[in-house]
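Number of protein chains: 2
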Amino acid sequence: MSTVQDLRHPTALSTDADVVLRPLDVKDAEITGGFWLDRQAVNRDSSIPDGLRRLHESGVIDNFRTVATGSGEARGPIFADSDVYKWLEAAAWEYGRQPDERLLAEQLEITRIVAAAQEPDGYLDTVVQLRRGVRYSDPAHDHELYCAGHLFQAAVAQRRATGRTELLDVAMRLADHLVREFGPGGRPHVEGHPVVEMGLVELYRETGRDDYLQLASRFVEERGHGLLHEQDPSLDLTYFSDRVPVRETRSPEGHAVRAVYLAAGAADVAAETRDRDLVDALAEQYTGMTTAKQYVTGGLGARWEGEAFGDPYELPPDRAYAETCAAIGAAQWAWRMLLSTGEARYADQIERMLLNAMLPGVSLGGQEFFYVNTLHLRADASPDTERSAANGRRPWFDVACCPPNVMRTVASIAGYVATGSDDGLQLHQYATGRFAGRGLSIEVQTGYPFDGTVDIAVHEAREGATLALRVPEWAAGATLDGRSIEPGAYALVDRPLHPGDRVALQLPMRARLTEADDRVDAVRGAVAIERGPLVYALEQVDQPEGVVLDDLRLKGPLEMAEVPGPGLVEGDIALRFEAVQIGRGGAPDRGVTATAVPYFEWANRGVGPMRVWMPRV
Amino acid sequence: MSTVQDLRHPTALSTDADVVLRPLDVKDAEITGGFWLDRQAVNRDSSIPDGLRRLHESGVIDNFRTVATGSGEARGPIFADSDVYKWLEAAAWEYGRQPDERLLAEQLEITRIVAAAQEPDGYLDTVVQLRRGVRYSDPAHDHELYCAGHLFQAAVAQRRATGRTELLDVAMRLADHLVREFGPGGRPHVEGHPVVEMGLVELYRETGRDDYLQLASRFVEERGHGLLHEQDPSLDLTYFSDRVPVRETRSPEGHAVRAVYLAAGAADVAAETRDRDLVDALAEQYTGMTTAKQYVTGGLGARWEGEAFGDPYELPPDRAYAETCAAIGAAQWAWRMLLSTGEARYADQIERMLLNAMLPGVSLGGQEFFYVNTLHLRADASPDTERSAANGRRPWFDVACCPPNVMRTVASIAGYVATGSDDGLQLHQYATGRFAGRGLSIEVQTGYPFDGTVDIAVHEAREGATLALRVPEWAAGATLDGRSIEPGAYALVDRPLHPGDRVALQLPMRARLTEADDRVDAVRGAVAIERGPLVYALEQVDQPEGVVLDDLRLKGPLEMAEVPGPGLVEGDIALRFEAVQIGRGGAPDRGVTATAVPYFEWANRGVGPMRVWMPRV
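Residue numbers (the working numbering), protein chains in the order written: chain D, 1 to 617; chain X, 1 to 617.
Fair warning: there could be bad hints in the mix.
Said to hold, decoys possible - With a Cα cut of at most 20 Å, we get these calculated EDC-like pairs of lysine to aspartate or glutamate:
| id | chain 1 | residue 1 | chain 2 | residue 2 |
| --- | --- | --- | --- | --- |
| 1 | D | Lys-555 | D | Glu-578 |
| 2 | D | Lys-27 | D | Asp-100 |
| 3 | D | Lys-27 | D | Asp-589 |
| 4 | X | Lys-555 | X | Glu-578 |
| 5 | D | Lys-555 | X | Asp-517 |
| 6 | D | Lys-555 | D | Asp-589 |
| 7 | X | Lys-27 | X | Asp-100 |
| 8 | X | Lys-27 | X | Asp-518 |
| 9 | X | Lys-555 | D | Asp-517 |
| 10 | X | Lys-27 | X | Glu-460 |
| 11 | D | Lys-555 | X | Asp-518 |
| 12 | X | Lys-555 | D | Asp-518 |
Unchecked claim - Stretch-level coverage of chain D by chain X, calculated; a stretch enters the list once three of its residues show a Cβ under 8 Å from a Cβ in chain X:
| id | region |
| --- | --- |
| 13 | 312 to 319 |
| 14 | 517 to 525 |
The set of hints was computed from the structure by calculation and includes no laboratory data. In this text the structure is predicted, and so the values were computed from the model without any measurement. Virtual Cβ for every residue (Gly too), placed ideally from N, Cα, C.
Just chain D, same shape as in the assembly (with noise of 0.2 Å):
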């Protein structure tokens, strides 16, 4: 058994993980104003009330009250009781960033819910206590580990958020349960849906129990050799994550949620197990997804059909599912990878992901959601489905695994912002906060993601730590305390640090034109507006007048001029550049002034069409 540390944020290390980089304690690390402040302001007065609101209505907080009463069926999907469990660690994570005694009894009221439904040996999955009746009948589809999985990580935070552990007995009890059933000794069990992996690893990190580790470990060992054709050899292994080993998987494949969530699990096991070879992996099967299966906005999944990724360069803007919650797993699995390499490419890709993929999933009033996150929604689209943008944002869904994954994430932003190491303190986010380890307390002021201007007032600093400094990728041009820096890589502050020390950031936020690999078809000709972290779209609602967007043509060396935002976040810069709209029907082409917004605003105000992807002439 490993020593545990009393950090307290997601993914806090075990001192025998072998990392480069180690997360802040939750008190270390704080957003105290700007753009996510206001974000999280929004989860905390609207989306997480609202969410509470929702789960009772929708009955799957009832599931666990009638299996405790012995009486009545179960509402909602097979896997109900994971939004349960992904807003009792939203309200979890929130109440520790700004504590609230109503938030955290209404938390422990719904704990209280919870543990009455567990049966005496530990066992819990309200749906399949009252609808199956049978336990692991059917692993491909019953989502009873996926549960599991989501249950440890709102235990864990329970615990380092509140201090309380009434849920983390629960969870020890079903994890222990699980030892018994799948751990040594017990049968192989492949579930369709991970995410128990890090569930367990969590739960080792909290409890020091080293079962529980091994038993996630095994979970990723046993995936991916077909074990679920046992159950049924019609299953599409590719859709389950069950048809290439982890340790083979050279680009995720199938289910993109499940893909990455695995795919998260696996790097928490590589790093508390040492394991540099399935670190290396995991490396690869990243660089397979960036390069050939990730949407400009960071978005995964390019088919609604299994909500899949598609073969590689197939990304039609029109049809991306880019869920929600594929590029919440996919941050996860950054984050990870990111501790476990010090590489800014994981932490370039957290920050395109949180802001262009994840956040245009919650409306700018935090109760409405995007399941589906289309590049492009077309005047005439069919509001056919539920999911389908031309219906614009949702209250909830009978699916409802995004909104609450949202409102965990915001909560818990501030643990993606730094980290420290054996050198000092890491800065991969930029956000108005105070962040503090390993010698250094720094607070940041910026106007990030609109402005590029990152001041750091220097708190505390112990002789000899450093600070490092993620320059993105997108930041040609970009100066620290007036010097030169490389994009893409870490600056550090090269000189001594004192309380009282200034330091000074610029990342040129200059709106530019990006192209996709040539290889994927369904943009070719085409560009997206990027400005800064930013993807930006152009909505309809900003064009002047008989503006056809998918008409409109971008034509030549464009100049793109900086004006205010329509203002629903503090701020905002839209981009305003001349285009061409293609005549119809004998009409003659026309000169037109077009403006571009950032996407994640998109759909805030009313829906209609919508392009990311514009064609040049």
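Go by the hints and put chain X onto chain D.
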């Protein structure tokens, strides 16, 4: 009750029908040689016998026996009966084409097995009888009328092609039951999958029973008002063609096969009820489809999710669904529109769809099928599901709608070649064969679809009878007896015809490059290669070693040389031209000689990378 002619072809019309053109009698339309006769021979010798074996193996014929004996469980999907009916239809048309007593005996044996499962009141749907026990309890999904529609079509085929009436007796008992259940005074009813409309109208044509026509009309009119939401408000009405009434649909949407079967049935109703408003609405819907929702191959359905039409201009080649059945259903729809309007564009459509969207659905050996017809297969495409192109054509499917659908269409294809009108004979498709009607009897000789020479010998000619020949829209430079004729219309032979006369049609078979509408984002900057009525594709197997298909680009004006094809069908022609392979990893671009073959031939020499749309540089 109207008088019904003794015409013996699909869509034999009643004398009351308001149409411009009328189908020929079965005995008056015969393919006697060339391309389609080879396909019919394969269909007879390979597809139809193998199909019967598969139907036996899959248990769907046993379902009828199980109902009759009263014990056992259903096998196969809820619509399993329909596969048997389509095979019965195929066998009937094949017998009519070339009588074979063994085939007829088999057809009648299956007919007896089917008949024995019918309930005393006429109801028949074995899977519902065995699995549900309750009739019409889940109209969205249970396919009871869908199965009935295919039974009616098979019964009519048996009667017209073999003269036997055993299946017609079963069909009429079932139709009478449907009239009692859903006819005048019955309850409104919308079923999830149209086809019963076509079946009922054909049954009306065969029997003169006006109540069948009225029921078909009622089913057409009751759709599109959201009646399915009375069953379940969460149903996606778009998918089931129940969102917009047929008369108001400007572009097909939802599940492609359902949408085109419904439109074809509505066209039948329109012709027989002399409803020109309905014909006009269907013509507008057809235009909506060809303008923005059809692949260059004629394929229909841009989405795997829901097997559905996409939004306008959403036509990804790589994720084309283009179900084989959708092309067949749309050819049936186009045929009915051709009869009602006499417009050449519908015959152009039938040509495009049969050669480039249906025919690719079956291997040239006749025993393997594509359910989904992609226009682009990448080198590292995942063979993730049964229907993935990377798996190549499959011997059969769990959902086996496509194979017997191809069989019945190939067996009856002579019926689509020519029509009669008050003026004379119209030749819509070019195939070696004998065609007679309305005072003209002709014999056609042609090497179509590879050779554009069509020789027509007149055997009989009534005075004043005219011969009209479709000039395909692609056939610029066509000549008739040496005289220039306009493409995209019918050319009249402008002289009195006498027995022994010869008519010479020349359709220039020049290879050409086709661009899509510039709103089709997925193929921007790319071209397709066509020659005559055939769409071409580049297959890996035909390229020089080292060529990476997805790195090939077409450059400048293309000179395409005609060379012998792979010899998979008699007289096939390939196209050879210079292209550029993009250098990767620092390697320079290089010129390569590329080869394209007819798209319908692809994946008959193993399955590998393939492209229809080629990017230009």
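Here's how the hints hold up against the structure:
1. D:Lys-555 <-> D:Glu-578: 8 Å, holds
2. D:Lys-27 <-> D:Asp-100: The hint holds at about 16 Å.
3. D:Lys-27 <-> D:Asp-589: 59 Å, violated
4. X:Lys-555 <-> X:Glu-578: Holds: X:Lys-555 and X:Glu-578 sit about 8 Å apart, inside 20 Å.
5. D:Lys-555 <-> X:Asp-517: 19 Å, holds
6. D:Lys-555 <-> D:Asp-589: 12 Å, holds
7. X:Lys-27 <-> X:Asp-100: 16 Å, holds
8. X:Lys-27 <-> X:Asp-518: With a Cα-Cα distance of about 46 Å, the restraint between X:Lys-27 and X:Asp-518 is violated, given a limit of 20 Å.
9. X:Lys-555 <-> D:Asp-517: Holds. X:Lys-555 to D:Asp-517 sits at ~19 Å (cutoff 20 Å).
10. X:Lys-27 <-> X:Glu-460: The given pair, whose Cα atoms are some 15 Å apart, holds under the 20 Å limit.
11. D:Lys-555 <-> X:Asp-518: 15 Å, holds
12. X:Lys-555 <-> D:Asp-518: 15 Å, holds
13. 312 to 319: Since 7 is at least three, the answer is holds.
14. 517 to 525: holds (count 7)
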